[in-house]
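Number of protein chains: 2
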Amino acid sequence: GCASSPASSGADALPSWNDGPARQAIVNFVNQVTREGPGYVPPVERIAVFDNDGTLWSEQPLYFQFVFMLDQVKAAAPQHPEWRSHPAFQAMASGDHAALAGNEKAMLELVLAANAGMTAEDYDSRIRAWLAQARHPKTGRLYTDMVYQPQLELLAYLRAHGFKTYIVSGGTVDFMRTWSERVYGIPPEQVVGSFIPLRYELKDGKPALVRQPGMDVNDGPTKPVGIARQIGRRPILAFGNSDGDLQMLEYTAAGAGPRLALLLHHDDADREFAYDRQSHVGKLDKAWDEALAKRWTVVSMKSDWKQVWPATK
Amino acid sequence: GCASSPASSGADALPSWNDGPARQAIVNFVNQVTREGPGYVPPVERIAVFDNDGTLWSEQPLYFQFVFMLDQVKAAAPQHPEWRSHPAFQAMASGDHAALAGNEKAMLELVLAANAGMTAEDYDSRIRAWLAQARHPKTGRLYTDMVYQPQLELLAYLRAHGFKTYIVSGGTVDFMRTWSERVYGIPPEQVVGSFIPLRYELKDGKPALVRQPGMDVNDGPTKPVGIARQIGRRPILAFGNSDGDLQMLEYTAAGAGPRLALLLHHDDADREFAYDRQSHVGKLDKAWDEALAKRWTVVSMKSDWKQVWPATK
Ligand SMILES: [Ca+2]
Ligand SMILES: [Ca+2]
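Chains as they are written, first to last, in this note's numbering: chain V, 1 to 313; chain S, 1001 to 1313.
Fair warning: there could be bad hints in the mix.
[Said to hold, decoys possible] Lysine-lysine pairs mimicking DSS-like chemistry, simulated, CA-CA at most 30 Å apart:
(1) V/294 x S/1283
(2) V/306 x V/286
(3) S/1302 x V/283
(4) V/203 x S/1206
(5) S/1164 x S/1074
(6) S/1294 x V/164
(7) V/302 x V/286
(8) S/1294 x V/206
(9) V/164 x S/1206
(10) V/164 x S/1203
(11) V/206 x S/1138
(12) S/1206 x V/283
(13) V/203 x S/1283
(14) V/203 x S/1294
(15) S/1138 x S/1313
(16) V/105 x V/306
(17) V/283 x V/302
(18) V/286 x S/1206
(19) V/294 x S/1206
(20) V/206 x S/1283
(21) S/1203 x V/286
(22) S/1286 x V/203
(23) S/1294 x S/1283
(24) V/206 x S/1206
(25) V/138 x V/313
[As the list claims (entries may be wrong)] Residues on chain S that point at chain V, a partial pick, calculated with CB under 8 Å:
(26) 1041
(27) 1044
(28) 1103
(29) 1105
(30) 1217
(31) 1221
(32) 1224
(33) 1228
(34) 1247
Just so you know, these hints were derived from the structure itself, not from any lab.
All C-beta atoms in this analysis are idealised placements derived from N, C-alpha and C, irrespective of residue type, glycine included.
Produce the entire structure from the sequences given, and follow the hints as far as they go.
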């Protein structure tokens, strides 16, 4: 009967979520929008958007895509002696994470310069090769094994209830798309992110998309713009973890009808990391104040999650 | 048995297509990619992209979105006396279609100026209001009744065989998304098009997306870029009608495995319009040469289609 269906308690579908206010808020919301009644939302409008770094997988001590980019710069450095005097390059060479995070923009310029002119296909191969062997300095896991088990369950739970699940991230789409379908069950077309401009060219008569300098950044106030551009509908559920998600959460929450805005708080130094207002990666400050003021659902990694990462083989 | 299934002949699923080489090419292709064998393509990779103007609906004597924009300019003209000396405005006022088409860029600047600062929601309402009453000068039909019946059948036929159908158009996404789901069965997130930049703002504490000057154009060589950005997979089927589709067709056809590139030729002055190499709207010249050289499938409106537009109520 109704009482034993997964939608009723979420216990079967969300085994890595403790029975607490966060899980209850999720289950209540899903019940509300999927059952006949004043809160019903037709399946085509059940759009759920998830930030990626720090929301679907870890992001400390540096965004994982940033680590990939650093490795690319290191590999290209012998061909670029002029980089040696660059402050960002020096921060990288000395392993100074705080300086690196502070020099993210400058670093990005180096990286973009290193990769302009490469075809999208070649870049894709580099990402795949890196992800297949690079390991996290603290856990020794492959980076794609540092996705959050409770979130994998939540994504599947939402899809089982007619939701379309999207990533809306500051990371670039090419980086995420190489693994989002395999790991999250999110196909390339449901990944919204920053975009490196491409140019269409014929190389020996063969079509190629060639990377150009620059980046169209999808973060903070441009997340709702990215949503409008690529999805074309306002989400009814948004899940983030930092100030870069503030506008996406605001935009989602401000729509008519039932809405769910969720914020993950990294408060679990034992199992993962603990950081918020002072962090130089994934800073959670204004969005936290807003979440408290507007009664968004704050998810505590420590109390709401039974398990952080999936078991590895 | 096999011989009587719709996939075998397409006659049941594509009643408005004459039995000829074009329909046969479509049916053969769908059979090939959906049946076990060397040409099999898994459903997630069955991406079909369709140009819109002149491929899914008519585009003469002027792109329909352009007519909408002209009507917007006319409505705003009393507030802009400075427009009176503008050549594009004069072409419009005198009803000179050739001059207007030649001044499309200048006209666009006027239009974008007229609408910068408007919220996406307000603009959406204007599009809907216009589409509900504006009628085509030659046929007297609502513009959304000038979609092609054979293409509606083709879209449905492809979806019934596991394809995901996309629009990839030079028109702007906001314009198409107001009706693409209702008319074509193509949801907003499957509409790729030109994009008017938006800025996220709080207006009286309420999130709004505000239109900015400029346009990120999705046409010709930027169609494959738009596909890479929003879909993230190379299509296996592309359908266009003009030189603006050349690169999209090339890009689609150059992928590995079975591919189908289709080009609609407007050769039916009696039932619709006849135009190609000399037209200032939907010019078909280089793409036609390429289609002949590469044996893409050229669809003749006159010989391949039993019916052009749907019956109206
Ligand atoms: Ca984040
Ligand atoms: Ca066209």
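Hints, verified against the model:
1. V/294 x S/1283: Given pair residue 294 of chain V, residue 1283 of chain S is violated - Cα atoms ~54 Å apart, limit 30 Å.
2. V/306 x V/286: Since the Cα atoms of residue 306 of chain V and residue 286 of chain V sit roughly 27 Å apart, the hinted pair holds (cutoff 30 Å).
3. S/1302 x V/283: 62 Å, violated
4. V/203 x S/1206: Measuring from Cα to Cα gives roughly 49 Å; hence the hint is violated.
5. S/1164 x S/1074: 38 Å, violated
6. S/1294 x V/164: 38 Å, violated
7. V/302 x V/286: Roughly 21 Å between the alpha carbons, so the hint for residue 302 of chain V and residue 286 of chain V holds.
8. S/1294 x V/206: With Cα atoms ~13 Å apart, residue 1294 of chain S and residue 206 of chain V stay inside 30 Å; holds.
9. V/164 x S/1206: Between residue 164 of chain V and residue 1206 of chain S the Cα gap is close to 25 Å, so the pair holds against 30 Å.
10. V/164 x S/1203: 29 Å, holds
11. V/206 x S/1138: 42 Å, violated
12. S/1206 x V/283: 24 Å, holds
13. V/203 x S/1283: With Cα atoms ~26 Å apart, residue 203 of chain V and residue 1283 of chain S stay inside 30 Å; holds.
14. V/203 x S/1294: 18 Å, holds
15. S/1138 x S/1313: Given that 30 Å is the threshold and the Cα spacing comes to 18 Å, the pair holds.
16. V/105 x V/306: Not OK: residue 105 of chain V and residue 306 of chain V at ~36 Å, beyond 30 Å, violated.
17. V/283 x V/302: 18 Å, holds
18. V/286 x S/1206: The given pair, whose Cα atoms are some 17 Å apart, holds under the 30 Å limit.
19. V/294 x S/1206: Roughly 13 Å separates the two Cα atoms, so the pair holds.
20. V/206 x S/1283: 24 Å, holds
21. S/1203 x V/286: Holds, at about 19 Å.
22. S/1286 x V/203: Holds, because 19 Å separates the two Cα atoms, which is no more than 30 Å.
23. S/1294 x S/1283: 19 Å, holds
24. V/206 x S/1206: 48 Å, violated
25. V/138 x V/313: 18 Å, holds
26. 1041: 15 Å, violated
27. 1044: Holds, because the Cβ-Cβ distance from residue 1044 of chain S to chain V comes to roughly 6 Å (cut-off 8 Å).
28. 1103: 27 Å, violated
29. 1105: 21 Å, violated
30. 1217: 13 Å, violated
31. 1221: Residue 1221 of chain S check passes; min Cβ-Cβ to chain V is 4 Å, inside 8 Å.
32. 1224: Since the shortest Cβ distance to chain V is 5 Å, the answer is holds.
33. 1228: Holds, because the Cβ-Cβ distance from residue 1228 of chain S to chain V comes to roughly 5 Å (cut-off 8 Å).
34. 1247: Since the shortest Cβ distance to chain V is 5 Å, the answer is holds.
When each numbered hint is compared with the structure, violations occur for hints 1, 3, 4, 5, 6, 11, 16, 24, 26, 28, 29, 30.
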